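Residue numbers (this note's numbering), protein chains in the order written: chain E, 1 to 478; chain X, 1 to 963.
In case anyone wonders, no lab produced these hints; they're calculated from the structure. Treat the numbers as computed from the prediction; the structure is a model and nothing was measured. Take these hints with a grain of salt, some might be off.
[What the hints assert, rightly or not] Using C-beta positions, here's what the derived DEER-type ranges look like: (1) 116/E / 126/X: 58 to 64 angstroms; (2) 453/E / 248/X: 43 to 49 angstroms; (3) 91/E / 761/X: 43 to 49 angstroms; (4) 248/X / 255/E: 20 to 26 angstroms; (5) 457/E / 126/X: 34 to 40 angstroms; (6) 457/E / 528/X: 25 to 31 angstroms; (7) 95/X / 114/E: 48 to 54 angstroms; (8) 255/E / 893/X: 46 to 52 angstroms.
Here a beta-carbon is modelled for each residue, glycine too, at the ideal position from N, C-alpha and C.
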Amino acid sequence: MSNQTNRRDFLYGLGASLGAVAFSSLLEADDQRPAAIRNRLPAGTPEADAPLAPKQPMHAPRAKAVIMLFMEGGPSHVDTFDPKPALNELHLQESTRTAGLATGKRFFVGSPFEARKVGRAGIEMSAPWKFLAEPEVADELCVYRGCQAESLNHPEALLHMNTGSRLGGDPGLGSWATYGLGSENQNLPGYVVMTELALPQAGPANWTNGFLPAHYQGTRLRSTGSPILDLNPPSFKTRAHQRQALDQLAMLNADHAGRHPEHAELAARMASYELAFRMQMAVPGIVDIEREPEHLQRAYGLDRKETADFGRQCLMARRLVEAGVRFVQIFSGGWDSHDYLEKGHASRIASVDQPMAALIKDLKARGLLDETLVVWTGEFGRTPDNNYRGGVTALGRGHNADAMNMWFAGGGTRRGTVVGGTDEIGAEAVDVVHPIRDVHVTMLQLLGLDDNKLTYFHAGRYKQLSQFGGEAIPELIA
Amino acid sequence: MVDRSQSANCLRANDSGVKRRWKRVPVNRVGGARLQRHAWCATGTFLVVCLAVSTCGFAAEDRGSGDDGERLFTLRVLPLLKTKCFGCHGVDPDDVRGEYNLLSREGMIRGGESGEAAVVPGKPAESPLYQAILWEGYEMPPKENDRLNAKEIEYFRRWIVAGAPWPSVERQAAIQRTEWAVRENEEGRIVDTSGGISDDWTYRRYQPDDLWVFQPVCSPDVPPGAEHVVDAFVHARLTSAGLEPAAEADPRTLLRRATYDLTGLPPTLAEIQDFMTAWREDPPTAWTDLIDRLLASSHYGERWAQHWLDVVRYADTAGFSNDYERSNAWRYRDYVIRAFNQDKPFDEFVIEQLAGDELRPDDPEATIATGLLRMGPWGTAMIPQQEARQIYLDDLVHNVGQTFLSMPMRCCKCHDHKFDPLPTRDYYRLYAAFAATQPAELPVPFLPAENRGRFEENEALVRELFEYARSELAKVNGKQEAAARKWYADHELPYKDEKARKNDPEDSKPPRHVGLTPEEQGIKKVREQDVWIWQRRLERYQPMAQAVYNGQDDHKNSRKLRPPQKVKQDWRPQNFILAGGSLEAPADPVTPGVLSAAGVPTGHGSADPWGLPASLAGRRLALARWIASDRNPLTARSLVNRVWQYHFGTGLVKTSNNFGAKGARPSHPDLLDWLTADFVVHGWKVKRLHRLLMTSETYRRSGRPVDAEKQAAVDPDNRLLASFPPRRLTAEELRDSTLLVSGELNREMGGVPIMPEINLEVALQPRMIQFSIAPAHQPSRTPAERNRRTIYAYRVRGQADPFLEIMNRPNANESCEMRDSAAVTPQAFTLLNSDVMTDRSIALALRVQQEQPADESAWVHRAMELAYGRVPTHNEVSRLGDYLAKMRAYHARHQPVPVKYPTQVVRSLVEEFTGEPFEFIEKLNVYEDYVPDPKPWTVDADTRALADVCLLLLNSNEFLYVY
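Isolated chain X (complex conformation) (with noise of 0.2 angstroms):
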């Protein structure tokens, strides 16, 4: 093959078929040969090669030659039977299906337990086995998802029909060794990797397309056309669809819908008349000086990390049985909100986040950047540690693959990958370049940048649920070892404390609960389960991180992660292939490496192009180097193409975590690569990017199709572009809004978890843990502490904010690349009846009438004006008053019923030893001192009727959806 490593053009096809010409991108310039053995920007040379390859294929014609006949069996027919039927019916001789054996052409030929001939040489239409692949009689194979397509299908009625030869496997080998040698046929194209476990997989071919994420990023000519270069390519894959653009969006619609895109707030009255002003002037300055604006306000960094924690998984607890308050998580989610508003260069964004630690050791903010190394719902309790360590590296592998390089990991855990060039081999590399990572919390300083505001005042509240907790496990202890003192006492032995009696025989040392009634059991638990809980829960105010070291496996309760007293420095992890991803089955030993596909190498060691450092330290900075390289062909485009989708609904690769050949493809790929290598070149800069996008004509565009039949025919999920997609507030967005609109919101930045007041019901709800219950979701004491950002909410995993969750907030188990906003019913239940909308709509009722207290009449017009960020209607403005009039009459009638706080909460467990319930006390401080905000009962009738007229703003679609 031709080294083209040197070469300036790349070339590659078009949708067309055309061969044109691309300048390559500067930053691409690479010194080593390797690099460029993937690349599928091909000379034209190469199209030579191709094309004289392509008459070695086999021949479309029946005639088969016995020889054709031994290739299509060797390279078609024998690797379909492995994946498609040896499972049944041959690998387990035990277990052969229907009897029907296919391990050997006699086998196959003879046929099952129908004693019928399977395979007729020759004659495939009166071949069962023909028959079947094609599900006609019987369906083999049976699953949907295995089913044979016509190629395949074909492949098998041409072997048969030339006589279903079956070569020895001398012969298949050397049939083999021919195939292999060419690197591109008219079946794909061989990518080097560092190889699988066969050399099926190995030599696989992969079509060209499937490939596409994995080639240089080319920087394409720019189509003429168009000013701005987002425009000229999307202008001109919509003349090629023959679709007319949509006008302008109008001002208003315009300044909503950047608001909410770089802050997920909408724009105040104040800002819309400033931007109306400036747009009468000068439209083009208006909007640029809008964008200039909003990406310097510090929301633009809260809107833009919440992104981010989507991805990556954010959460406040661990998950799993114990789901532990992870106490310091909220050092990372601030962390990425300064990143965001400082523009931090996304490859920087990157290293600080995997290898912060090992970059700058002495720096708290690369340690605290680290934490989305524990971004992972993980626990230790009843899983072997060995396992439990397992679960851990797989779940940092598969989310780093696709945070980071839109290439979900897991599939190639348990095999090489059965679409995409990543050999189970890399996987096992990239674990090993963690499997000297282990979570902890670290001692890592505040930062001045760091909201530690009321720290004082929530640490008492947390101490004193601790104290609680203490004295009443105290009180069980103290009753159990006064029975224990007068057991050995009677028993004429010295008192010996419950730990160090623990080991001695039976007869030697008190039963076990001794003195203790069964409920009394049941509380000694919940209790010791509570000292932990406050206990973590203080660590919040200390100077710690949830964060990770290098170091030795050691034995791990995810209750307390602490570092050992002493790091082994001598110690390295043994990695091997886990076959089935078994740890019982420990394969070919591993270093820690890269995904070699991706034709980058790491510049460690000349040997292994892949390879990565096996010291204790210094795997991760190595590798995370190589992730967010300026020629990684995986990171740059995956976050440009994601930045994309959160401005236009959809990325121009709508699956934006999978870039592998089972995701979506580029809609337009030229665009997608222009933008990757600018981004790159210019920095990794995100706020660039932004100002890039926004000022195209295609983001300006209105919502309304110019003819909408055509468009829904021809671009029915309106990939081009031809009109600007309106979307549903996200669940944050929502909550933000209804706070910002009332008035109420405090914009107040970072620190530790607020709590906003969520259902009432769901909050003392009882939900079980381990050994215990969970404490009960108690809000913020003040109005001002828990009416802030949704995105410094505390996140459990085990208890989602009811309110948000039925908004379509993803779990956070999962990496979520994009929001649902599926209308489900229980939402209108949320938006119309919860007591979170109500108390907005109360407090924007009182702000209405603070603001309009001598017109009455003025309240409605002020109301939607507030809501919509519009002038209303006449029409609109006399209906509603209409139905406020008649509010006020009903209000006057109905007297709501104030609901009193409870102040403790008495819960029953059924104690797991003996099956009986009992009941203990938990207390519920934060409401002996609260402070609520206005309720429907701490107001007048006519507020609560503007209120009903308030509610109804709050829940229409013109609230709810962006334009």
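Extracted from the complex, chain E is given alone in its bound form (with noise of 0.2 angstroms):
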């Protein structure tokens, strides 16, 4: 690279940002990035390099976007998806199971819900499912109930299920996604993650880029106030204000630039401020799900007080992968239900069902469901028996880390089929078992990733999503 290319790329990543562009073509990101970028580095080195464009997958890919659904907290599977009809006969019997931190007396708990098959397919569900039970939606849906964790205290286990590893610190899923895959979109985030108003236990840890470089954080969607931290400038200011302070900036940028001919890092800098400008613009769109018709507002249950925060953050997801991100991860809590489980998770499974019901149709009525793979889980499963809380008998259960349900919709999984069991009283995974680290292999090899193969080089090893190595789980894929 020679100076005078470097000095002439400058001028003309900022030649498009003096405002006399039509917006249309600032919103081309690719032409926008100045030539020295695109060009500095050798092939092989992308991360540095617009480190968000699109790359190829390794193998032809199955989905294209992820939608994580994360019930934090730990869902009950034999009150969701997994029901044990066995477990009802023992109701408030002794326990005496010896597992996880389970210590002084313990009684049986039946599930407070009835149960029954939903679809063609016959996959078994929870009553309180009624919007995930229609048909149309039951048979879409890949319940697996092989998965077992490895942590029974929520940061941990969230964390677990979030990055591969239970010590925080190493990079999210949706990390790994766009480092590997990059994203359709350079005017939003690649990795794109909404949570309730209080953050999850273990908090950003949970989408942390780790060890590998910053650009693929997940950025938060805020449901309240700014949809990105200081997205916009105090209100005082206008958006023709930002643009003339913007100009003004990158000409004090330029005039130093020129005086460090040497210093390509300048460029980057400058282009940053840029897409940020763009990102002004694309963000406040992509949240503003007032543009959407509003039966289908209706669909993802807007109008009603239990599903309104979910159905928009779902209706959210739907937009942000139309618009080509690639990773998008919505939290919601409360599903640790120790005591009062019939109430706690009946207004739980209230909350999201009618949302995911209609996202699922809705991405399935765009042609969307093919390629982008909806996962819906927690961070483990809960047991089949509780202890005497307060020496009550308390109708809840603890974290059980040897059981718990997930499932699948689209992106390349089997559809209408439930994979995997757990033993008669839900007590332990028996059949398909695996760890966490092979569903994680699984969703890579999905969206056309090797897990072996998408590694990065970081204190004295290369690293990867499942640490040393998993597989994926061929029966879930179709």
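Join these two chains into a complex; the hints should help.
Here is the structure:
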């Protein structure tokens, strides 16, 4: 690279920023990328060169994007998609199971919910699932009952499911996905996270870029206030004001770059301000779900208090994926039913049931379900028995790392199927049993990525999402 | 082998392969004979041995006699099969992939489910196994990381050519014994260690290159041609690369570079003027005077402590599910700052942090220093006790390794190290060295040097929140107990309080949470948690320290860690190698010890040269002395490299936390050794090292290459330092600089954590902890309290300051060896739009207006001077002047809306038991009497317009980069 080229590219990059160019061309992100950035680095160092530019998958992908619906707290499998009639027989009988942190006297807890088979495929679900039970939705699901977690504590288990490591500090699933594939839309973050007002346990460590370059960190789209922190200038500064400021800044920086032609990094910084300006335009458009037809808003449950929040996020997820965002994750809390299981789980199910069903139908109607992998999971399952909390028979369940359930839809997963199984009381997975890492490997494989090749050299070794390798679960893949 | 321990010289191959003689460093004088066994500083005699040995190697050609084939199999093929193939094709008889079992010659030849023979002896080209390892057709082993390299594939090929012989176990053993007797051959060198799990590991061979850091430090001859030792070594490599070094940077650039490097702050206008005057008179003296002045500045300690805190992962909270406050962590932070400012010899600094309590039990400073052993994230909630203990010790072993020895230890928790001569035994010997170390908050008197300013005032604010939580809790408890009394009365039973009735049968006590609505049940839990939180924070103001004691394992709740009433002096931990890192799989017992591969005996017990005392106390002190020993080849190299890195952007070894085989090689090994030897011999003084580095031409070079194109082609990463590498300000430097330039920085040092203003949405956003929501971030009450240097800011593991985080401040859970400065888009949002930056720009505008009250036309000029430390050009001033005029018109038409600070916030939670949402109030008492910084709505339109100009200056690359 010669200094001359470098200098010319600066000016090219700046010329486009000086307000004279129509907005439509501003949206063509690739053209805005100074050639200095594109050409400076040898092939094979994509993370430094327009890090989120779309990259070729490693093999033919089944899914282009992921929507991960994370039920924080540990949804009970035996009360959702893995009903256990044998457990109901044991209700309130003493349990002598020894597992996990179980201590003291324990008793079995039958499910407070009826269960039934739904759809043509006959997938079992507990009664509170009404919308998901509609055949056109249920028959899209691939329920998996064989996964085993390792941690019994929420933050570690959350981190394990979201980053492949219990200890925190490793990159999130979406970081690996965007590191491997980039993103289709350069005006939006490639990895978007939506949470409830309160962050889940372990907080942003669930969507950190870890040791991967900072470009791959999850960006939180906030449900209230500014959708991205400080996305917009203070209210007394207009967009035109912002444009003027950027133009002045560009001139200051151009003068400075002229004095430091050898310093290539400056171009990337200058470009980042322009991308920020475009993102300021693109993000409010994406989050403005009022643009969606009213019937669709109603379908997602936006008109009802208990479903409005999660419904809005599901609808947003569809809009993001449609716009080319690679990985969207939504957290929904409150599933940690140690007591009052019936009330707790029924209200949680009611808050997500309709929005999730609407999401699947909406994706399907738009032809997006085939290329979008929807994942529903928690951090672990729950125990078939409970301890006497405060010395009282509490109808709830403890944490269970040996059994859980999750489901997938679209993105190349097997439709209308149940894979794997737990023992007759749901204490432990016994069929098609796999650790969390294998679920991760499977997700990567569906995205066209090979966990063994999607590596990053850090702290002395090539690191990968599965830590030390895993295997895909063929039963889940269509 | 020849005993070379008394050898006065050591010899080593340099880059060109020519042998050269170097002087041994006097400090490496050793009495023990064992030490030198690892030296690859060999005498001539040894080289002859080497050559002789090489004839024992394998013949390169294909003829492959039966003998060679058997040796190939035993020494090359079988170990590869074990590490890369048996996992899927043998070890587990119930799960043999593709029904292909490689455990025997018959199985290997027969092949798997395809029915086709996998190996045709004598004919590799017709053997599918050979094709598979070539990744032609099949790809085996399937993982990229496990793929065989060309050399390994060649072993297989030649072995198949030789007829694929599979000698008996006895014959294999005989072949191995012969092989092991040769310490060094063309395959590499065997390293003496405390021994691996298998002989294969114990006797494996390393490339000498990969062992560089385990060699004693030599003091090489300084190459001729330069006055300064650093330049001599750097020029030698530049010359051989054909690169011409850049000219000296201009004095203004040098001043800014040195001031940022040593203090993390920009030079003030007065400092610039003084330096320029001195430089005009006598540049060399001006330069050395400057270095002396900066090293004597107390900001030096703040800047360099920050580097150390990055490595040791400083935070004010404990992480994990509760993220409990480490109320007195600030005392360790201030200890580190003092240590750097006092130029405490680094070996002493090491020993105090690892074992200050054992070294000087009655010295508060020494106990505070052991805060290092409390830096890792740790908690006990919902984690079985033994596992929590293991997490603590694993964290210590790994981090002590990478912090002091640049040797990450995590890999050998589960197995002997795959690449370095670190047996898992040594991991568990280090583990045993800490096995009596127990974390606790200990009473430690305050020191006169510690800042206890505003203690009473701050404590009162915390106490108010504590009392509020207590009274709210008392309300629900009162209601519950009233109902309980009624229940007991109704049942004609005597009343028992909540604790007393806990274990009563269900029919003889009231229901849990009797008398409470689901909402009140939630509130009870929240307030119980609040009481704990504020109680912990009150301990900030107590003479306590986050420290350790030596004692027995007992039940630990990380909410409150106190030593037991009685330490059992005869208690000794039992330690084992934990196979696969599992508590369930204890294997060989181990005693405390050090890293054997370093070749430095501990001097405790002659039978065990690497052993440490197994007494209850004293393990750590012995370990610390070994780490800080003049003879330890790792410790001083590690520190010298870190200091180099913080001056030149990249270490001589790029991976400053990892000097192992998978870390980087030194770019200038001789320079690193020379500097290390010099550092040790002169008493481990860090300030002396700064002077040495900074007086070099290499440090004073301009960032402008003489021939940029050539430099980019020959040395794209600028490892040879033909020009000086620019860098972006770190997050802390950026915040501190904006405060300094705006005139708001309070230079007060030390004390309990300060609370800067952070993004209000983040400050108030609820953050889940185990049973509740963590308290909101409330800024310190007055500008003087909060506008202090960033190193003093409260650092919460669970909630980063968004401004610092976006500017690449690392998370505090992992050791950070080097800051990232990737330009990510949201940085632009923060720097342009955040309240924090708006406030700084307004403060800077006010400062400019105050300094130039009479002359509005001088505003832009002055603002640029303050921000950039230089006289702006006419063109710059006129352009920004036009912009200012436009902005004055704009702001006259746009009035900002005042933001009110909330004095309380309503929290909403979903009750864990019932799934029912409930609300409660969190008090934000600081805001009741809050003194804000100047805000857009407290200044006039002209100030806001000037602030727009200032904001651009603070966003510009000239402000953000150091050249």
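Tested hints:
1. The given range of 58 to 64 angstroms is respected by residue 116/E and residue 126/X, whose C-beta atoms sit roughly 60 angstroms from each other.
2. A beta carbon spacing of about 47 angstroms between residue 453/E and residue 248/X agrees with the range 43 to 49 angstroms that was offered as a hint.
3. Checking the proposed 43 to 49 angstroms range against residue 91/E and residue 761/X shows it holds: the Cβ atoms sit about 46 angstroms from each other.
4. Checked against the hint of 20 to 26 angstroms, the C-beta distance between residue 248/X and residue 255/E comes to roughly 24 angstroms, which is consistent with it.
5. For the pair residue 457/E and residue 126/X, the beta carbons lie near 37 angstroms from each other, so the given range of 34 to 40 angstroms is met.
6. A hinted range of 25 to 31 angstroms is violated for the C-beta pair residue 457/E and residue 528/X, which are about 46 angstroms apart.
7. The hint said 48 to 54 angstroms for the Cβ distance between residue 95/X and residue 114/E, and at roughly 39 angstroms that hint is violated.
8. The beta-carbon spacing between residue 255/E and residue 893/X, approximately 30 angstroms, falls outside the hinted interval of 46 to 52 angstroms.
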